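K.L.:
Chains A and B supply the protein sequences, listed in that same order. Residue numbers for the first sequence follow UniProt numbering, so the first one is 1 and each next one is one higher. Residue numbers for the second sequence follow UniProt numbering, so the first one is 1 and each next one is one higher.
No lab work stands behind these hints: they were computed from the structure. Please read all numbers here as calculations on a predicted model, not as lab measurements. In this text, a Cβ means the ideal position worked out from N, Cα and C, and glycines have one as well. Errors might be hidden in some of the hints.
As the list claims (entries may be wrong) - Which stretches of chain B does chain A cover? Using the computed rule of at least three CB atoms under 8 angstroms from a CB of chain A, they are:
(1) 69 to 81
(2) 84 to 92
(3) 106 to 116
(4) 146 to 158
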Amino acid sequence: MTATGTGTYTPKPGAAPLPRMIAAQALLETKMLLRNGEQLLLTVVIPALLLVLFSTVDIVDTGAGETVDFLAPGVLALAVMSTAFTGQAIATGFERRYGVLKRLASSPLPRWGLMTAKTLSVLVTEVLQVILLTVIAFALGWSPQGNPAAMLLLLVLGTAAFSGLGLLMAGTLKAEATLAAANLVFLLLLVGGGVIVPLDKFPSGAQDVLGLLPISALSDGLRDVLQHGAGMPWGDLGILAVWAVAGLAAAGKFFRWE
Amino acid sequence: MRSEPVVQVQALVKRYGTKTAVDGLDLVARTGVTAVLGPNGAGKTTTVETCEGYRKPDSGTVRVLGLDPVRQSADLRPRIGVMLQSGGVYSGSRADEMLRHVAMLHAHPLDVDALTERLGLGSCGRTTYRRLSGGQQQRLALAMAVVGRPELVFLDEPTAGLDPQARRATWDLVRDLRADGVSVILTTHYMDEAEQLADDVAIIDAGRVIAQGSPEELCRGGAENTLRFSGRPGLDVGSLLKALPADCSAAELTPGSYRVVGKVDPQLLATVTSWCAQHGVMPEKISVERHTLEDVFLELTGKELRS
């Protein structure tokens, strides 16, 4: 058959430039996330509400100093976990279930490009969260200390650690199981990860174990820097790095696309 | 003659655990429209998904546009369009948003507005995917498969569950794709769909191709046609047989209902009607049945229902 080369559908295949594909994918993922009410509840409403509520009402004894100085770093850690872990796990789990990952896998966008776009989308969301929570914290009288570079490094490593765990869950469990488990983990880590309840409220044996959780390392590290003006919190960074490497490696190995 | 093969499958074997889904399948599809026909569980989707690069063959070779779909996936993906049997769209995305997104992933996409208009999706641009009707979801998936101006399109049961209008719209698009030089591989349960659209039909059963050819070739395979008519019960079939060519058979199936099987041509029809005239019989409900693809399909794959 000879094609005339003038029809509407006459083949003219080709992949778009890689940066354009990744940018388009990241934009779409971010839009999907911001449009989803349940996700917003998790990533915006709950952290903001906790910050305001626990700063203004004396519910938990947070030790010496302003309550908001203790809470703001914990809530920032919670924000990272809500987006990189809970939100990403649930969204990716359902994308897998509904064949979105499968369909995109046969598009010109390479799989690593899709994962890069997901990471960009998580980072964009986190920037929006950090801006919002910082504004609220300042309004509540927050006076942060410390080195911004240390804070940035903690946030990035925390994001990597939670992304690995979230994708591991999304890529191996059923979508409904991921939904349930991701929410449960969110709740448990919110309570037991030094976010709003200081770890020293727990028995000393439990403290040692809880201190190794990624959420505890992130909230403790951020608190060291922002509340106490510490330099590089190497111990916490180390814990996050181990979680990040282990989580991402396991996700890379066990992730199923359909 | 239609030219170079777009898909070449040789001795493909694919197992899921202990179940062999595809069992030494050979298939060559050339430019144009190829329909892959078969009962449920015959291995249609597995074969197509292996061509799309989703599954790695357990053994055998698969070449699509001359490329290995797994190892040369990056080169192949921009050149093919894929419509999955279901899903493939973010449940919260709007119809036109997802289509525009897929268009963005290609270098020279079709005009999205014209395509949505063409497929009757113009009115549901702002509707989220999960609120679209089943037919609209199917047409959106079809649009996503063609928007990148591919050379080859895979459609997995593109009209399953569609209403007649939507089915026509899909058929018309497939015809236009073919006319513009796009090759199409489609799986279907519908014989009429294969008969209407396909240059070539491959019938798959139990993981193998059991027949392949143009719809005409496949139908000619059974050269016998059937002529039926009704009349008075108890006519002398013996004298009818004497009037007919030697290789024909005639019988009264139920009282007053007659059947002639053989090479039914105008001459035979004239013979039968003049015999009726001689016997003072008015043949009613006279009909000539051509062998359809459905007959061929049922003959080859068996008439019994399977689980």
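K.L.:
Evaluate each hint against the coordinates.
P.N.:
Evaluation of the provided hints:
For the region 69 to 81 of chain B, the stated coverage by chain A holds: 5 residues have a C-beta nearer than 8 angstroms to a C-beta of that chain, and at least 3 were required. For the region 84 to 92 of chain B, the stated coverage by chain A holds: 8 residues have a C-beta nearer than 8 angstroms to a C-beta of that chain, and at least 3 were required. Judged by the Cβ-Cβ criterion of 8 angstroms, the region 106 to 116 of chain B is covered by chain A as claimed, because 5 of its residues qualify and three suffice. With a threshold of 8 angstroms between beta carbons, the proposed coverage of the region 146 to 158 of chain B by chain A holds, since 5 of its residues qualify and at least three are required.
When each numbered hint is compared with the structure, no violation occurs for any of them.
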